[in-house]
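Please model the complete structure; the sequences and the hints are all you need to start from.
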Amino acid sequence: MGDSKVHPDQKYVQALLIHDQKLIAEIYTRFAPKVIGYIQKNSGDEAAARDIIQEALITLYDQAKTKGLTLSCPFDAYFFLICKRKWLNLLKKNKPEGVTINDEVTSIDRNVQDQADQTALYEDRASLFNQMLEQMGDACKKLLKLSFSIKSMEEVAKKLEVSYAYARKKKSLCVGKLTKMIQGSARYQTLKNL
Amino acid sequence: MDEKTILLFDDYLQGALSPEAKKNFESRLETESALKDAFVIFRDVNQHLSHHLSEERATFKDTLKTVADQHLDTSVVPKKEVKVIRFKPLRYLVAACAVILFGAIFWTQMQNASYSDYSFEGTIDLIERGGDESAFAKAEKAFNNKRYNEAIISFDAILANDPDNTQVLFYKGIASVEIADYAKAEHIFVNLRNGNSVFKYKAQWYHALSFLKQGDTERCKQILEELPQEAEDYKKAQELLKKL
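Residue numbers (the working numbering), protein chains in the order written: chain A, 1 to 194; chain Z, 1 to 244.
Treat the hints with caution; some may be incorrect.
[To be verified] Derived lysine-lysine pairs resembling DSS-like cross-links, with alpha carbons at most 27 Å apart:
(1) 138/Z <-> 169/A
(2) 142/A <-> 86/A
(3) 4/Z <-> 180/A
(4) 65/A <-> 36/Z
(5) 236/Z <-> 200/Z
(6) 11/A <-> 200/Z
(7) 145/A <-> 236/Z
(8) 61/Z <-> 93/A
(9) 86/A <-> 61/Z
(10) 23/Z <-> 36/Z
(11) 151/A <-> 141/A
(12) 170/A <-> 236/Z
(13) 141/A <-> 61/Z
(14) 169/A <-> 142/A
[Unchecked claim] Between beta-carbon pairs, the in silico distance windows are:
(15) 138/A <-> 28/Z: 30 to 36 Å
(16) 66/A <-> 179/Z: 28 to 34 Å
(17) 122/Z <-> 164/A: 41 to 47 Å
(18) 50/Z <-> 47/A: 31 to 37 Å
(19) 18/A <-> 229/Z: 46 to 52 Å
(20) 18/A <-> 123/Z: 51 to 57 Å
(21) 114/Z <-> 120/A: 41 to 47 Å
(22) 192/A <-> 190/Z: 39 to 45 Å
It is worth saying that the hints were derived from the structure and are not from the lab.
All values reported here derive from a predicted model rather than from experimental measurement.
Cβ coordinates follow ideal geometry from the N, Cα and C atoms, glycine included.
Shown next as structure tokens:
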């Protein structure tokens, strides 16, 4: 991280990384009520809030795990903004004609916004990867899903009844193909500068 | 990007290049922007897939679900319907007599704890982790409708592709107890108890219950006594121990 300091709330990101149930429970007790309140005020219920909170935490976990996530702002504001945006996106998707938002106008710290923007970009990119994977041919899709969930290529080869060398090579070529599909997609061009 | 380039990327990431080839590749990355662009995606895709499809990520989702169940009101278990009973004195009299009668007959047995007092209640909601989606749906439906034999067939279909799916294993264990296939249940619960998933202690609790159902109170007690305080079912276990 460049100029900004690591915020003490980094401990919550760390808790996600190591599956620390106690601290994750603290996220639920300390930060979830605000999100639930907001969603309830904006045509949602607690069950919807629960899904949004879960999704947001998974996104943070994914980002922290694959790209690293260093908090330079309070977790509270950052987490709330992510959940809020997720909820508004969902509302817009279900009601494209427009929704009324009950929002108290509060000024959001620039730092919080930047951090949430970064997470949104990360998420867009990850969802593009998933979307492209689903568009692949069955053979590649199956091989990739197996290779990355089983890890041992020997086992994958055995399962698919092919040689180890063939499975390994084919896996690389499938990742290459997926790379090309992503590179060629219009969505990638807009996300390129993450 | 041709086949040769793809395999070069892969060898680089696997650390399979000679020091000379590695240096050569790195200097190419600095000068050829198209190559670098492709390499960055290739690397990120590898990173993304190995995280996204990992066992660890699935465990994390299980953990979140458990914590959310404990700390939010909206548990996945549907709330039982509340029935409104109108006040009808005669019915109450009949009901009261029935209660007294049953009470008189069964008062000694009332002290005993039975498996059905503690058996699995509510519905399950499986987290799909790729593979055959219909198997997940079938398993859920069969299990929630108490068609345990059928549920086990679907659990096995999921486990064929994903043998380490602890959530599915756990529910298969419960279903096995329900159909009195204790050997299978025993095998599953012992493995889960030795593992480190979120189902570790849950498995211990149901392992104890399977002995309760078989009438082996000693084994049941022994397992309950070993259940640590941090386990979700600790209170229930203590209550059951008292009854036994």
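Verification of the hints:
The hinted pair formed by residue 138/Z and residue 169/A fails the criterion: a straight-line CA distance of about 36 Å is larger than 27 Å. Restraint check: the Cα-Cα separation between residue 142/A and residue 86/A comes to about 30 Å, which exceeds 27 Å; the hinted pair is violated. About 14 Å separates the Cα atoms of residue 4/Z and residue 180/A, which keeps this hinted pair within 27 Å; it holds. Restraint check: the Cα-Cα separation between residue 65/A and residue 36/Z comes to about 23 Å, which is no more than 27 Å; the hinted pair holds.
With a CA separation close to 16 Å, the supplied pair residue 236/Z and residue 200/Z stays within the 27 Å bound. Between residue 11/A and residue 200/Z the CA atoms are separated by roughly 26 Å; this keeps the pair inside 27 Å, and the hint holds. Taking the CA atoms of residue 145/A and residue 236/Z, the gap is about 41 Å. The hint is violated against a cut of 27 Å. Straight-line distance between C-alpha atoms of residue 61/Z and residue 93/A comes to about 25 Å, which keeps the hinted pair within the 27 Å bound.
A threshold of 27 Å between alpha carbons decides the hint, and for residue 86/A with residue 61/Z the separation of about 18 Å falls inside it, so the pair holds. The suggested pairing of residue 23/Z with residue 36/Z holds, with an alpha-carbon distance near 14 Å, which does not exceed 27 Å. Only pairs whose Cα atoms come within 27 Å are accepted, and residue 151/A paired with residue 141/A is accepted, the gap being roughly 15 Å. For the hint pairing residue 170/A with residue 236/Z, the CA-to-CA distance comes to about 52 Å; that exceeds 27 Å, so the pair is violated.
Distance hint between residue 141/A and residue 61/Z is fulfilled; the C-alpha atoms sit about 23 Å from each other, no more than 27 Å. With a CA separation close to 15 Å, the supplied pair residue 169/A and residue 142/A stays within the 27 Å bound. A hinted range of 30 to 36 Å holds for the C-beta pair residue 138/A and residue 28/Z, which are about 34 Å apart. Residue 66/A and residue 179/Z have their C-beta atoms about 42 Å apart, which leaves the hinted 28 to 34 Å range violated.
Distance hint for residue 122/Z and residue 164/A: a CB-CB separation of about 45 Å, consistent with the stated range 41 to 47 Å. For residue 50/Z paired with residue 47/A, a C-beta distance near 32 Å keeps the hint of 31 to 37 Å intact. A C-beta distance of roughly 22 Å is found between residue 18/A and residue 229/Z, which places it outside the suggested range of 46 to 52 Å. For residue 18/A and residue 123/Z, the hinted distance range of 51 to 57 Å is not satisfied, since their beta carbons lie about 31 Å from each other.
Checked against the hint of 41 to 47 Å, the C-beta distance between residue 114/Z and residue 120/A comes to roughly 53 Å, which is inconsistent with it. The supplied range of 39 to 45 Å is broken by residue 192/A and residue 190/Z, whose beta-carbon atoms lie about 51 Å from each other.
Hint violations for this structure: numbers 1, 2, 7, 12, 16, 19, 20, 21, 22, all remaining hints satisfied.
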